[in-house]
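Assemble the whole structure, with the sequences as input and the hints as a guide.
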Amino acid sequence: MPVKKSNSREESKVSVPADTEVTPTYSVSEALQNYFNSVDFLMNKQLETITTRAQLNYFLARRFLITAYNNLKNLDPALHDHKDIKEKLKVLQDLHKAYYTVNDKTSVPEIAFEMIFLRSQPEYMQYIQDKEECINRISTLSVVSESLFPEIQQREAELKKLSKNDKNRILLEDALKPLRGNYVDAVHEKAVSSEKLAKMKDLKAIYTEKYFDSFANELSQLSKEYKKVLVKILNNKASELDNEIWKHASKSKLIREHFSDAGIKGDYTTMTYLGYYLNTLDKRQLKDEQVELFKFFDYLKQQQKV
-13 MPVKKSNSRE
-3 ESKVSVPADT
7 EVTPTYSVSE
17 ALQNYFNSVD
27 FLMNKQLETI
37 TTRAQLNYFL
47 ARRFLITAYN
57 NLKNLDPALH
67 DHKDIKEKLK
77 VLQDLHKAYY
87 TVNDKTSVPE
97 IAFEMIFLRS
107 QPEYMQYIQD
117 KEECINRIST
127 LSVVSESLFP
137 EIQQREAELK
147 KLSKNDKNRI
157 LLEDALKPLR
167 GNYVDAVHEK
177 AVSSEKLAKM
187 KDLKAIYTEK
197 YFDSFANELS
207 QLSKEYKKVL
217 VKILNNKASE
227 LDNEIWKHAS
237 KSKLIREHFS
247 DAGIKGDYTT
257 MTYLGYYLNT
267 LDKRQLKDEQ
277 VELFKFFDYL
287 KQQQKV
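Taking the working numbering, I'd label the letters of the sequence shown as residues -13 to 292.
Fair warning: there could be bad hints in the mix.
[Unchecked claim] Derived lysine to aspartate or glutamate pairs resembling EDC-like cross-links, with alpha carbons at most 20 Å apart: (1) K117 with D26; (2) K182 with E118; (3) K213 with E109; (4) K251 with D284; (5) K185 with D80; (6) K190 with E16; (7) K214 with D26; (8) K147 with E159.
Derived from the structure by calculation, the hints contain no laboratory data. A quick note: this is a predicted structure, and the numbers were derived from the prediction, not measured.
Rendered as structure tokens:
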């Protein structure tokens, strides 16, 4: 089994020899900024569109707001075609995704450090690639040498049994020569690759020691600031969507007839619709999500007093 020679260019591109100082391409702040650039862009864009101080607790309202919208669409499919509602719903979905992106990606600093800081550094990714290639090469060479060794031993044992004048001796020696050469090459290259691997700097350990603490601190601050701003925008946009839904629903003949037939009294609002629904529930057998709806209803009543 011939040993494939390593390309000299590949050998020379190992990025982090032990005697070389390394610094990250991107600072902690730059890595965080680059990673959350899309979230930052979305926040700034939506902040510019806020024209009122109206707020509706998004995380309390979300489930019922969507349920109410779907129910109202079933009563009057024309509600689905209103561009303003669809646009506001899409904005909320994007903001919701952004919030949980920040929340999920910042919840475990050790994982965030790997994904956000380390993997943004070209030299770290090169180091990972070089290390994996080196390990894979050592593994391949081990298989080659281990498969060649018993074959060489067997051929050499056969050779010892032949007399010097035996015609088969020359044939066997000719067969042994490339096997021995490949074996020596494999053992030598494995030793060289093992030495190269041993001399590589552990960039993960180096960068973790130097930058993890500052990364964790900045990450925590960024997470708090981003989530605070996103909650503010989500609450504002939830209020806008709520108003938009009921603005159109109140003009629908089909929905007005349903309210009349069902005995739903009051303004065309989420509070009226939610209050009607809660009155149909058996308070002795409430599910968790229904308990949350009562909290939402209490919240709406408090908002009326403000």
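Is K213 close enough to E109, meaning Cα to Cα at most 20 Å?
-> violated (31 Å)
Does the structure keep K185 and D80 at a Cα separation of 20 Å or less?
-> violated (47 Å)
Quickly compare the C-alpha distance for K214 and D26 to 20 Å and report which way the hint goes.
-> Roughly 13 Å separates the two Cα atoms, so the pair holds.
Would you mind confirming whether the straight-line C-alpha gap from K147 to E159 stays at or under 20 Å?
-> With Cα atoms ~13 Å apart, K147 and E159 stay inside 20 Å; holds.
Is K182 within 20 Å of E118, Cα to Cα?
-> holds (12 Å)
Taking 20 Å as the top limit, are the C-alpha atoms of K251 and D284 close enough?
-> holds (18 Å)
Could you grab the alpha-carbon distance between K117 and D26 and see if it respects the 20 Å cut-off?
-> violated (35 Å)
Within 20 Å, alpha carbon to alpha carbon, are K190 and E16?
-> holds (18 Å)
Hint violations for this structure: numbers 1, 3 and 5, all remaining hints satisfied.
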